[in-house]
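Could you fit the two chains together into a complex? Lean on the hints.
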Amino acid sequence: MEIKMIKVDDLKPYENNPRFNDEAVELVANSIKEFGFKVPIVIDKNGVIVAGHTRYKASLELGLKEVPCIIADDLTEEQIKAFRLADNKVSEKASWNYDLLNIELEDILDINMEDFGFIEHTIDWDNVEDLTSDNYEEPEHNMLECPKCHHIDRDIHFKKVE
Amino acid sequence: MKVFLSAIETNEKVPFNIKKMKYNLMSYFYIQNKTELAEYVRDNSELIMIDSGAHSFQKGKKVDWNKYTEEYAKFIKNFDRPNVVGYFEMDVDNIIGYEQVLKLRKVLEQASNKIIPVWHKNRGIDEYKKMCKDYAGKVVAITGFKNEDIKDEQYLMFLKYAKKYNCKVHCLGMTRKKVLDKVPFDYVDSSSWKQNAIYGRIADKGKVSKKFSKNNILKVMIENYKQAIKMQEYYYEKWQKVCKD
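Each protein sequence line maps, in turn, to chains E and V. All residue numbers for the first sequence refer to my numbering, where the first residue is 5 and numbers rise by one. All residue numbers for the second sequence refer to my numbering, where the first residue is 21 and numbers rise by one.
Incorrect hints may have been included.
[To be verified] No more than 35 angstroms apart at the CA atoms, straight line, and that leaves these computed lysine-lysine pairs for DSBU-like:
{"#": "1", "chain 1": "E", "residue 1": "K69", "chain 2": "E", "residue 2": "K11"}
{"#": "2", "chain 1": "E", "residue 1": "K61", "chain 2": "V", "residue 2": "K202"}
{"#": "3", "chain 1": "E", "residue 1": "K164", "chain 2": "V", "residue 2": "K54"}
{"#": "4", "chain 1": "E", "residue 1": "K163", "chain 2": "V", "residue 2": "K82"}
{"#": "5", "chain 1": "E", "residue 1": "K164", "chain 2": "V", "residue 2": "K166"}
{"#": "6", "chain 1": "V", "residue 1": "K246", "chain 2": "E", "residue 2": "K93"}
{"#": "7", "chain 1": "V", "residue 1": "K33", "chain 2": "E", "residue 2": "K97"}
{"#": "8", "chain 1": "E", "residue 1": "K93", "chain 2": "V", "residue 2": "K82"}
{"#": "9", "chain 1": "V", "residue 1": "K264", "chain 2": "E", "residue 2": "K37"}
{"#": "10", "chain 1": "V", "residue 1": "K250", "chain 2": "V", "residue 2": "K39"}
{"#": "11", "chain 1": "E", "residue 1": "K164", "chain 2": "V", "residue 2": "K258"}
{"#": "12", "chain 1": "V", "residue 1": "K183", "chain 2": "V", "residue 2": "K134"}
{"#": "13", "chain 1": "E", "residue 1": "K37", "chain 2": "V", "residue 2": "K197"}
{"#": "14", "chain 1": "V", "residue 1": "K250", "chain 2": "E", "residue 2": "K85"}
{"#": "15", "chain 1": "V", "residue 1": "K197", "chain 2": "E", "residue 2": "K93"}
{"#": "16", "chain 1": "E", "residue 1": "K97", "chain 2": "V", "residue 2": "K126"}
{"#": "17", "chain 1": "E", "residue 1": "K163", "chain 2": "V", "residue 2": "K141"}
{"#": "18", "chain 1": "E", "residue 1": "K61", "chain 2": "V", "residue 2": "K261"}
{"#": "19", "chain 1": "V", "residue 1": "K264", "chain 2": "E", "residue 2": "K93"}
{"#": "20", "chain 1": "V", "residue 1": "K141", "chain 2": "E", "residue 2": "K97"}
{"#": "21", "chain 1": "E", "residue 1": "K97", "chain 2": "V", "residue 2": "K171"}
{"#": "22", "chain 1": "V", "residue 1": "K94", "chain 2": "V", "residue 2": "K39"}
{"#": "23", "chain 1": "E", "residue 1": "K152", "chain 2": "V", "residue 2": "K166"}
{"#": "24", "chain 1": "E", "residue 1": "K85", "chain 2": "V", "residue 2": "K239"}
{"#": "25", "chain 1": "E", "residue 1": "K163", "chain 2": "V", "residue 2": "K54"}
{"#": "26", "chain 1": "V", "residue 1": "K149", "chain 2": "V", "residue 2": "K258"}
{"#": "27", "chain 1": "E", "residue 1": "K85", "chain 2": "V", "residue 2": "K246"}
[Claimed, not checked] If the Cβ cut is set under 8 angstroms, some of the chain V residues that face chain E in the computed set are:
{"#": "28", "residue": "K141"}
{"#": "29", "residue": "F165"}
{"#": "30", "residue": "N167"}
{"#": "31", "residue": "D169"}
{"#": "32", "residue": "K171"}
{"#": "33", "residue": "Q174"}
{"#": "34", "residue": "M177"}
{"#": "35", "residue": "Y181"}
{"#": "36", "residue": "I237"}
{"#": "37", "residue": "L238"}
{"#": "38", "residue": "E257"}
{"#": "39", "residue": "K258"}
{"#": "40", "residue": "Q260"}
FYI, nobody ran anything at the bench for these hints, they're computed from the structure. Don't be surprised by glycine CBs; every beta carbon is placed ideally from N, CA and C.
Just chain V, same shape as in the assembly (with noise of 0.2 angstroms):
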């Protein structure tokens, strides 16, 4: 299992102080303007997936669906590499509907054939099934929010049905450890070490420092991403042979 930290990007200083990263994570909301700190992330990390953005728009934020849909499908183009695992769907289901969703998905796959379709329950199971079918072989994604689209003892039974296509699933958001530890993900991606740095924390075995200010607060991100990476180390070694990637 790969864990793809996230949220690297809206700290522009924290990527520029980290020489050697595994596997990241960054919205296309974020890095759209942010080209130099994308290309470093990107140069700078074994793997790396990218994210519509969808998520920001979730939160109230006007966006012309079909330009920025368009723009995306640029980006993908000029700021593709052997190293990119794929770039996620414009998920945005609640918003414009399934229908809609999949004319955007069209836009994306002309530019590049790494585009990740994340299922959702509006879907339903034999849609699911029919994304497992038409990507078999490649990344499909399912959310791991609590309680969004799939309850924590089912997710197996989506895996198994996956692999039956020979699809790697990501799951997005899965940050819960009981569930981590018990259903062995291709991909999931976290950003939990960047909540931990909001806080002050320092996780390491057990002790959390709290001596946290506004002038330290680069060395406490840095420091947790640092943690974070070996939180990579211990998923990957966990299920290497189940997940044989």
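Looking at chain E on its own, in the form it has when it is part of the complex (with noise of 0.2 angstroms):
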């Protein structure tokens, strides 16, 4: 399997690629900033890409000029297509086992894994003020009116008319 240099000005987007990535742009950015362009992007013969499209976009916000590519020439047009969705879907079937995760996350002391999506949700309970009888707020009802009957009632008993 041969890995070529291209220009990303000759990689075409597939038109019809049906994932939603831009979310993921920034973080793919921040790998290739941090480790270097590790994955090839794979095109067809005519530079579409096939599988690829956060690495190309992330290229683009990087400014790269090259990026090294696969060209899948042995594969006929309908298993591109087929390879194309099949790339993405059967990511999805993938999941985290946490407990192995954090340990691996404990052990990465010098690189900043936010970057790459990994955001560490904590609360500061210190700074949480302690429940008493004093500081309990009881909720008051917001009541509304019927316009017709000007039945009086909560407000969660009546539905929004769009």
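Pasting the structure below:
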């Protein structure tokens, strides 16, 4: 399998790419900045992207001139269409083992993993007020009146008419 | 945070068309005569919770509370498996009063040690604290309906107190994203997948499909359920370090 450096300007995004990937572009760009371009883009013989639209957009964002590509010239048009979908679909089936993930993350000290989407959500419990009868505020119900029959009741008993 | 999807039992065809399910909450009120369905959902889900069906009573259905509770207790004995997290108590304080609710709780606790008490504001804060102490290490519940018992900005205080006694907190009916994104409840439940389905929506990445008819209602429901599984994964991942479960 040959990996060729190809000008980003010569790559063509597939016009019917059925994936939303804009949210992932920044994370992929961060990964390329940190680790280099380690996963080539797969293209067909005409330069149309088969797999790697997010890497392509990240390359544009980073202003890269050339990127590593694999030309899938051994695949038929139908196989290319199928591979384009299959490549994305199979990744949906994988999931995390969080115990092992956390062990791995704990070993990474000098690289900010938030750059790649590993955001650690925590609560600073010391800054949360202690619950007492004095600071508990009983919610007040929002009351509404029916414009037709003038029945007054809680808002949750009314339906919003659009 | 584990988001339990509720109302799967109200359309009998939906569960049988979904093979792998994560967390489901079913209402005893609806499954009391649907043993096959309830057992199928239980046996094909990672975790299950059972609600007493108290909300159904509040819509005006007449019930003999003692008889109903005894039947619910019998059901619990037969239905229980290791993947059932718990069974919510008969929290109909507003109809029969807290004293009576406590009596019904005792009946249920003779059947199982997995009964989940549900705090309401009429019980007072001292009773919330007592509940956390009495149920230390177990699951306790509060309500998530807007302006019902707890203001959105005060949920963290309730959670903090429960953590002191190592309780897991279920927030019933909490579906508001702005709260779920800030408050790491251990468990919540949501029927919004079904609401979306009823209105013919398949929500995915902000796109809403309204191509919906009587003929495709099952398909729409199943698609929405599958989308909701992604929501379950999102909140589990988001809070997995805080909830540690």
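Evaluation of the provided hints:
no. : hint            : verdict
1   : E/K69 - E/K11   : holds (6 angstroms)
2   : E/K61 - V/K202  : holds (32 angstroms)
3   : E/K164 - V/K54  : holds (33 angstroms)
4   : E/K163 - V/K82  : holds (25 angstroms)
5   : E/K164 - V/K166 : holds (15 angstroms)
6   : V/K246 - E/K93  : holds (15 angstroms)
7   : V/K33 - E/K97   : holds (25 angstroms)
8   : E/K93 - V/K82   : violated (50 angstroms)
9   : V/K264 - E/K37  : holds (33 angstroms)
10  : V/K250 - V/K39  : holds (15 angstroms)
11  : E/K164 - V/K258 : holds (32 angstroms)
12  : V/K183 - V/K134 : holds (18 angstroms)
13  : E/K37 - V/K197  : holds (33 angstroms)
14  : V/K250 - E/K85  : holds (26 angstroms)
15  : V/K197 - E/K93  : holds (27 angstroms)
16  : E/K97 - V/K126  : violated (44 angstroms)
17  : E/K163 - V/K141 : holds (25 angstroms)
18  : E/K61 - V/K261  : holds (32 angstroms)
19  : V/K264 - E/K93  : holds (29 angstroms)
20  : V/K141 - E/K97  : violated (43 angstroms)
21  : E/K97 - V/K171  : violated (38 angstroms)
22  : V/K94 - V/K39   : holds (28 angstroms)
23  : E/K152 - V/K166 : holds (25 angstroms)
24  : E/K85 - V/K239  : holds (26 angstroms)
25  : E/K163 - V/K54  : holds (31 angstroms)
26  : V/K149 - V/K258 : holds (28 angstroms)
27  : E/K85 - V/K246  : holds (25 angstroms)
28  : K141            : holds (6 angstroms)
29  : F165            : holds (7 angstroms)
30  : N167            : holds (4 angstroms)
31  : D169            : holds (7 angstroms)
32  : K171            : holds (5 angstroms)
33  : Q174            : holds (6 angstroms)
34  : M177            : holds (4 angstroms)
35  : Y181            : holds (5 angstroms)
36  : I237            : violated (21 angstroms)
37  : L238            : violated (22 angstroms)
38  : E257            : holds (7 angstroms)
39  : K258            : holds (5 angstroms)
40  : Q260            : holds (5 angstroms)
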